[in-house]
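Chains as they are written, first to last, in our numbering: chain A, 117 to 429; chain B, 3 to 158.
Any given hint might turn out to be false.
[Claimed, not checked] Listed next, the stretches of chain A that the computed footprint assigns to chain B, with coverage defined by at least 3 CB atoms under 8 angstroms from CB atoms of chain B:
{"hint": "1", "stretch": "217-225"}
{"hint": "2", "stretch": "248-258"}
{"hint": "3", "stretch": "342-354"}
[Said to hold, decoys possible] Take a look, some chain B residues computed to stay more than 10 angstroms from chain A by CB distance:
{"hint": "4", "residue": "K32"}
{"hint": "5", "residue": "M76"}
{"hint": "6", "residue": "W104"}
{"hint": "7", "residue": "E106"}
[Said to hold, decoys possible] Residues from chain B shown here face chain A by an in silico Cβ test under 10 angstroms; the list is partial:
{"hint": "8", "residue": "A33"}
{"hint": "9", "residue": "R34"}
{"hint": "10", "residue": "A36"}
{"hint": "11", "residue": "M38"}
{"hint": "12", "residue": "F43"}
{"hint": "13", "residue": "L48"}
{"hint": "14", "residue": "A50"}
{"hint": "15", "residue": "R53"}
{"hint": "16", "residue": "M56"}
{"hint": "17", "residue": "P57"}
{"hint": "18", "residue": "Y58"}
{"hint": "19", "residue": "D133"}
{"hint": "20", "residue": "Q147"}
{"hint": "21", "residue": "E157"}
No lab work stands behind these hints, which were simulated from the structure alone. For clarity, every value in this text was computed on a predicted model and none was experimentally measured. Think of the CB as a built atom: it goes at the ideal place given N, C-alpha and C, for glycine as much as any other residue.
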Amino acid sequence: MLMRRRWVVLWVLAVLVVAGSYLATAPQVRTALPDQVATVDLTNGETMFWAGGCASCHAAEDSDGEQKLLLGGGLELDTPFGVFAVPNISPDPEFGIGAWTDLDFVRAMQDGVSPSGKHYYPAFPYEYYQYMTVQDLLDLRGYLQTLPPVATPVAASKIAFPYNIRRGIGLWKHVYLSDAPWPQLTDPQLQRGQYLVRGPGHCGFCHTPRNQFGGLRQQRYLGGAPALEVGADGTPEGRIPNITSHKDGIGSWAAGDIAFALETGFDPDYDSFGGTMVAVQENMARLSADDRAAMAAYLKTVPPLAAEADGKP
Amino acid sequence: MKKVMTACLFSLLITPVMAEDEVPFEAQIKARQAHMSLYGFNIGILGAMARGNMPYEAEMAQIAANNLKLANQMDNRAMWPPGSDASAPGLAGVTRAKAEAWAEGSDIGEKAQAMTTAITDMAANAGNGLDAVRANMRALGGACQGCHEGYRVPED
Chain A
117 MLMRRRWVVL
127 WVLAVLVVAG
137 SYLATAPQVR
147 TALPDQVATV
157 DLTNGETMFW
167 AGGCASCHAA
177 EDSDGEQKLL
187 LGGGLELDTP
197 FGVFAVPNIS
207 PDPEFGIGAW
217 TDLDFVRAMQ
227 DGVSPSGKHY
237 YPAFPYEYYQ
247 YMTVQDLLDL
257 RGYLQTLPPV
267 ATPVAASKIA
277 FPYNIRRGIG
287 LWKHVYLSDA
297 PWPQLTDPQL
307 QRGQYLVRGP
317 GHCGFCHTPR
327 NQFGGLRQQR
337 YLGGAPALEV
347 GADGTPEGRI
357 PNITSHKDGI
367 GSWAAGDIAF
377 ALETGFDPDY
387 DSFGGTMVAV
397 QENMARLSAD
407 DRAAMAAYLK
417 TVPPLAAEAD
427 GKP
Chain B
3 MKKVMTACLF
13 SLLITPVMAE
23 DEVPFEAQIK
33 ARQAHMSLYG
43 FNIGILGAMA
53 RGNMPYEAEM
63 AQIAANNLKL
73 ANQMDNRAMW
83 PPGSDASAPG
93 LAGVTRAKAE
103 AWAEGSDIGE
113 KAQAMTTAIT
123 DMAANAGNGL
133 DAVRANMRAL
143 GGACQGCHEG
153 YRVPED
């Protein structure tokens with residue numbers, strides 16, 4: 117009799133644990149847009165498009181010029197977690213996101229949740245886009261709708277177990293998705309730079325290292341990291357540099373050097389950027405000189421971090 | 003055991019010395035890196051003017067741009083023999099050139115052509131004022147990145 121009661125207790129506990137984790141990993145979304153939304157500003161939307169680097173992943177590989185406006189997806193990101201096939205975000209109603217509502221779009225960008233209520237993998241940088249203002253997001257949405265529709269499907273992602281259990285992202289979000297507020301700044305130029313760097317620009321996406329579960333190591337913010345993409349041998353394709361104001365980072369660069377590099381692709385030694393930073397620089401070159409100067413000024417204030425003990429950034 | 007350990011340590015010490023004699027294509031790699039430095043030095047003059055670190059001087063700007071043009075006119079194919087890439091034995095850390103540059107389907111020829119265009123434009127305009135230099139810096143940076151994007155191994 118006593119044995120039996122124990123079993124019942126265990127079963128009840130097991131059911132509670134399963135139900136609890138099911139609820140805890142459920143995609144969380146915000147329920148409504150703010151009441152007051154100004155009219156959509158397409159010029160600002162275009163600025164957000166380049167600041168956010170949308171084309172670097174959602175346009176076809178090696179796109180140049182006008183091709184960057186064809187957001188049919190199809191780029192495959194080969195990471196330690198598997199191959200992520202980047203989706204079509206062109207305005208095509210069937211294959212792209214043309215049929216989405218504004219609310220769908222804001223939820224995707226800020227909550228990392230799809231219109232059908234599924235978690236997005238954090239290969240999509242909502243860790244950073246969540247900080248964008250709703251107005252900027254709606255302007256961006258408006259701009260995306262003006263781009264040419266691309267009516268082609270993309271291949272399915274090939275994610276390794278256990279990361280292929282999408283619901284697990286719910287757990288990941290509980291542990292690693294931080295919406296902690298940024299340090300308060302008073303200077304308007306630094307505020308703008310902070311917003312561009314930490315919000316749409318998502319510089320930390322590559323320049324901040326992650327742990328083995330893909331969680332950002334925030335105490336190493338912009339301190340450099342192994343590349344997210346892996347080569348044919350399965351190891352990271354080089355390292356992404358430290359861009360803090362430490363001498364192991366870009367402490368020797370003047371703010372003007374940083375802005376010039378973002379504009380032209382030349383570092384202070386007149387070597388050029390290479391690898392994945394080239395596409396980033398091409399995006400940054402589309403911003404205003406004031407915005408590049410703001411990002412540069414803000415980067416100079418990022419707390420310095422020495423290279424980690426292995427001598428690498 | 004102790005002997006084995008000592009032998010291992012000793013071999014570690016002498017390995018770099020031995021490797022130094024065995025760098026394949028050493029002269030070719032040194033030559034092409036020197037060629038890159040020449041580009042960098044002259045771009046640096048134009049860049050310093052564009053950036054505001056050096057006052058604009060039409061004559062000096064034109065000299066730097068002419069030097070770029072001369073450097074670009076050099077037929078340097080002998081500096082880039084097939085097999086002298088970073089994946090070749092003994093060349094990791096010596097060169098950062100990727101084997102893809104030589105591979106079937108490589109568009110390195112088009113990228114080189116784009117660089118010639120950017121340099122020609124700079125040389126045609128560098129003496130015409132600071133704005134002209136500034137306007138051509140982006141295309142020049144884009145031309146350098148054309149190859150460095152896909153054909154240079156990222157820094158480790």
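Hint-by-hint comparison with the structure:
Counting residues of the stretch 217-225 of chain A whose beta-carbon sits less than 8 angstroms from any beta-carbon of chain B gives 0, not enough to reach three: the coverage restraint is violated. Check result for the stretch 248-258 of chain A against chain B: violated, 0 residues qualifying (beta carbon to beta carbon below 8 angstroms, three or more required). Residues of the stretch 342-354 of chain A lying with their CB closer than 8 angstroms to a CB of chain B number 3, which satisfies the three-residue condition for coverage. Taking the minimum C-beta to C-beta distance to chain A, about 17 angstroms, the non-interface status of K32(B) holds against the 10 angstroms cut.
No Cβ of chain A approaches the Cβ of M76(B) within 10 angstroms, the least distance being about 19 angstroms, so the stated non-interface status holds. The Cβ of W104(B) lies farther than 10 angstroms from every Cβ of chain A, with a closest approach of about 17 angstroms, so its non-interface assignment holds. Every CB of chain A is more than 10 angstroms from the CB of E106(B) (nearest about 16 angstroms), matching its label as outside the interface. Look at A33(B): its Cβ only gets to about 18 angstroms from chain A, farther than 10 angstroms, so that hint breaks.
Here the hint on R34(B) is broken, as its CB sits about 14 angstroms from the closest CB of chain A, past 10 angstroms. The beta carbon of A36(B) comes no nearer than 14 angstroms to any beta carbon in chain A, farther than 10 angstroms, and the hint placing it at the interface is violated. Evaluation of the M38(B) hint against chain A yields a held restraint, the C-beta minimum of about 8 angstroms falling below 10 angstroms. Because the smallest distance between the Cβ of F43(B) and any Cβ of chain A comes to about 8 angstroms, under 10 angstroms, the interface hint for this residue holds.
Against a cut-off of 10 angstroms between C-beta atoms, the interface hint on L48(B) holds, since the closest Cβ of chain A lies about 9 angstroms away. Because the closest C-beta pair between A50(B) and chain A is about 9 angstroms apart, less than 10 angstroms, the hint holds. Contact between R53(B) and chain A, as hinted, is supported at the beta carbon level, the nearest pair being about 5 angstroms apart and thus within 10 angstroms. Using the Cβ-Cβ criterion of 10 angstroms, the hint placing M56(B) at the interface with chain A is not satisfied: the shortest such distance is roughly 13 angstroms.
The criterion of a C-beta within 10 angstroms of any C-beta in chain A is not met by P57(B), whose closest approach is roughly 15 angstroms, and the hint is violated. Here the hint on Y58(B) is broken, as its CB sits about 15 angstroms from the closest CB of chain A, past 10 angstroms. Interface hint at D133(B): violated, since its Cβ lies 13 angstroms from the closest Cβ of chain A, which is beyond the 10 angstroms cut-off. Look at Q147(B): its Cβ gets to within about 4 angstroms of chain A, closer than 10 angstroms, so that hint holds up.
Against a cut-off of 10 angstroms between C-beta atoms, the interface hint on E157(B) holds, since the closest Cβ of chain A lies about 6 angstroms away.
Hint check: violations occur at hints 1, 2, 8, 9, 10, 16, 17, 18 and 19; the rest are consistent with the structure.
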